[in-house]
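So the sequence lines, in the order shown, correspond to chains A and B. Counting from 1257, one number per residue, gives the positions in the first sequence under my numbering. Counting from 1257, one number per residue, gives the positions in the second sequence under my numbering.
Fair warning: there could be bad hints in the mix.
Where chains are identical, the list cannot tell them apart; a pair therefore holds if satisfied intra-copy or between any two copies.
Only pairs whose alpha carbons sit at most 35 Å apart, straight line, appear in this in silico DSBU-like list of lysine-lysine [stated by the list, open to error]: (1) Lys1476 to Lys1541; (2) Lys1524 to Lys1505; (3) Lys1643 to Lys1614; (4) Lys1274 to Lys1572; (5) Lys1276 to Lys1567; (6) Lys1541 to Lys1383; (7) Lys1643 to Lys1621; (8) Lys1528 to Lys1444; (9) Lys1378 to Lys1274; (10) Lys1276 to Lys1490; (11) Lys1274 to Lys1501; (12) Lys1541 to Lys1276; (13) Lys1588 to Lys1276; (14) Lys1379 to Lys1541; (15) Lys1614 to Lys1274; (16) Lys1276 to Lys1572; (17) Lys1490 to Lys1501; (18) Lys1476 to Lys1444.
Keep in mind that the hints were calculated from the coordinates and are not lab data.
There are 2 protein chains.
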Amino acid sequence: MSLIVQKYGGTSVGSIDKIKAVAGRVIEYHEEGNQMVIVLSAMAGQTDGLIGLAGEVVDEPDPRELDVLISTGEQVSVALLAMAIKSMGHDACSLLGFQAAIYTDDSYGRARVHNIETERIKKELEKGRIVTVAGFQGLDDHGDITTLGRGGSDTTAVALAAALNADVCEIFTDVDGVYTTDPNICPKARKMDVISYDEMLEMASLGAKVLMIRSVEFAKKYNVPIHVRSTFSKERGTMVVAETKDMEKVLVSGVAYSKDEARITIRKVPDKPGIASRIFEPVFKARILVDMIIQNTSEDGLTDLTFTVAKSDFYKTMELLRGVAQEIGAEKVLGDENIAKVSIIGVGMRSHAGVAKKMFGALAKEGINITMISTSEIKISCIVEEKYTELAVRVLHEVFGLDDEE
Amino acid sequence: MSLIVQKYGGTSVGSIDKIKAVAGRVIEYHEEGNQMVIVLSAMAGQTDGLIGLAGEVVDEPDPRELDVLISTGEQVSVALLAMAIKSMGHDACSLLGFQAAIYTDDSYGRARVHNIETERIKKELEKGRIVTVAGFQGLDDHGDITTLGRGGSDTTAVALAAALNADVCEIFTDVDGVYTTDPNICPKARKMDVISYDEMLEMASLGAKVLMIRSVEFAKKYNVPIHVRSTFSKERGTMVVAETKDMEKVLVSGVAYSKDEARITIRKVPDKPGIASRIFEPVFKARILVDMIIQNTSEDGLTDLTFTVAKSDFYKTMELLRGVAQEIGAEKVLGDENIAKVSIIGVGMRSHAGVAKKMFGALAKEGINITMISTSEIKISCIVEEKYTELAVRVLHEVFGLDDEE
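Could you put the whole structure together from the sequences, leaning on the hints where they help?
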């Protein structure tokens, strides 16, 4: 008998018929003798609908109350799934964040799970029940409802799998696994059988939307194997697991991209110690995430500072920076929204040289100019003009031998 | 400084604009120095929508899960109201059943409040916050969500007012008070300034839909004054309070009616001891509520037994009774759905004779035949043909001097 945690996303429970289909699937596992804990997202569109409702009340809704509001989405799906399972003759029981004892900090809208008390879930499992658990939500130390941020149900599932010491955490989604790159722009993308936590983290943070980053961090920390697979088929998907020796044989495992990038340059900044922190202070204060930062070599005591932010933060950041530039006597602030980030990822890079050279060469051959570069142990990212994104992805996918040759 | 509990029903919070209007109204009270606890129903239509969703999953949804599902309606309204209040510069905090510590038994769908721990609410009030509390929902001893049945938010409000020892419990609704009868069928109906708990109980159980019966029982038990008034005006409504000497001076306070009645007769039942309980056993087992019961005098050892049930229970009861009739050797089962109950209510009846005679005479004068009668200390109910309902109400309203003479 295995203990299996499964998570179904919003599109997988997007209608009553789909919920019934999930119920049928869960029951099959249960009849094979497995203990089942099912984590659900809100039905597709629900969360956005609720956020829209709050937006009609006030432009910036109170974060605590917003969490009370949007956590109803998952409450609806777990109740409906439990009803469906019971109507098919199996016992089931829904649990919300406060009942499943999923405790978090009090950062409303992006809370972090700090512990789970599993007594209640275990008691229900021991009664032979299939337990449906509301994803995305928890309870803070004040006894208030929190939510974990977009895609938070993935984290709920992985955290529960860790706390329950489950045999596997299966993430059901509308794609059939993790791909070497986005199949929508590269038809030769291949489904990966296996990927390491670290690679998945890079893939996720670089724009692949299969798993929420925090859920992968959690899985890595507690060594929970994740199986990413399709709700609509029985095919094996992709296993996300701890790194193995075999993985290092592959130079590059995947190509990721993100168009949600904008670049800002402050020209001719007087180059004094502490100037960078002076420039970024208002940006960090506004909770804007800065990704890549480049400071050019100083000429005549003046330097150029370039960095990237998410497109949605572009205008606010430009505004903040114009103020700063004036104060510190910089020449001007330039912005560019028409950029994208293209990255190659692979644990094999650690032990192989020449990967960067091969990447830059391949892009250059197609006339794609690289304006910024950042690297880590297992990834290289390049900023290119946005219009070259698809081409760059396909070129890199081919040159690193990822193309499906079938 | 007073502590005021207010309850706003579904139509009062039926849109974002209405929620903002409620916020404005609540803030006025708060600015006058009152501590405010606001109980809300779900936005109009929400609960029915959720029940419909459950109905798509299965004809008879699991009661526990149905409560998890439908309790989201109130969760949405309290979050939105708290947001609206905060956006207007006042501090607010929403609390759900489990947070407000409203404990009930585990009769899902019709749970009864058994106690409320007020620490959390008091803590929030002491911080100067307006507290919005989800009506209709509570938590049972297993830590599971329960709901209190249709109109349960009234009970939440009264129970909170009792537990908090509030100065008054104001029930805001889409009518401006309790009327001597339904103004839709009797244009001369008058708004009452005051009504006793017992009269209100009779009015409510006899078809006047202003307050949920259980909330009035609760108010009577803990002597909580209820002020029933309109969300859309500032006029005084009707006070529901303990009986006073003055009230007895009025013979009849109101006229109620219900068309939700059906009559069933079992003809020629062998009249043996225990036969009535034999007949009603399957009906009670099916949780069908029997209202009036009449057993005719026995002739030749045979008797006729007549009783009324709600229209919605009519077919099921007929089916059950046909089975019983065969078993016990009764002649046949007759049914009639075209009946209504018309009642007069008043604490004055206790000390005045001749009320019944006056009632029967007034109906007879209009050619309205009475087929069943039941009485209590403070009410007399007659079953009449359904088509005479409106006429009977108007006649009784006039004859007992309730008509508005303005």
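Quick rundown of the hints versus the structure:
no.: 1; hint: Lys1476 to Lys1541; in the structure: within (30 Å within a copy, 56 Å between copies)
no.: 2; hint: Lys1524 to Lys1505; in the structure: neither (45 Å within a copy, 93 Å between copies)
no.: 3; hint: Lys1643 to Lys1614; in the structure: within (21 Å within a copy, 91 Å between copies)
no.: 4; hint: Lys1274 to Lys1572; in the structure: between (41 Å within a copy, 34 Å between copies)
no.: 5; hint: Lys1276 to Lys1567; in the structure: between (39 Å within a copy, 33 Å between copies)
no.: 6; hint: Lys1541 to Lys1383; in the structure: between (50 Å within a copy, 28 Å between copies)
no.: 7; hint: Lys1643 to Lys1621; in the structure: within (16 Å within a copy, 90 Å between copies)
no.: 8; hint: Lys1528 to Lys1444; in the structure: neither (50 Å within a copy, 86 Å between copies)
no.: 9; hint: Lys1378 to Lys1274; in the structure: within (27 Å within a copy, 44 Å between copies)
no.: 10; hint: Lys1276 to Lys1490; in the structure: within (16 Å within a copy, 49 Å between copies)
no.: 11; hint: Lys1274 to Lys1501; in the structure: neither (40 Å within a copy, 63 Å between copies)
no.: 12; hint: Lys1541 to Lys1276; in the structure: between (47 Å within a copy, 32 Å between copies)
no.: 13; hint: Lys1588 to Lys1276; in the structure: neither (59 Å within a copy, 45 Å between copies)
no.: 14; hint: Lys1379 to Lys1541; in the structure: between (45 Å within a copy, 32 Å between copies)
no.: 15; hint: Lys1614 to Lys1274; in the structure: neither (46 Å within a copy, 63 Å between copies)
no.: 16; hint: Lys1276 to Lys1572; in the structure: between (45 Å within a copy, 30 Å between copies)
no.: 17; hint: Lys1490 to Lys1501; in the structure: within (29 Å within a copy, 76 Å between copies)
no.: 18; hint: Lys1476 to Lys1444; in the structure: within (29 Å within a copy, 75 Å between copies)
The structure does not agree with the numbered hints 2, 8, 11, 13, 15 stated previously, though it agrees with the rest.
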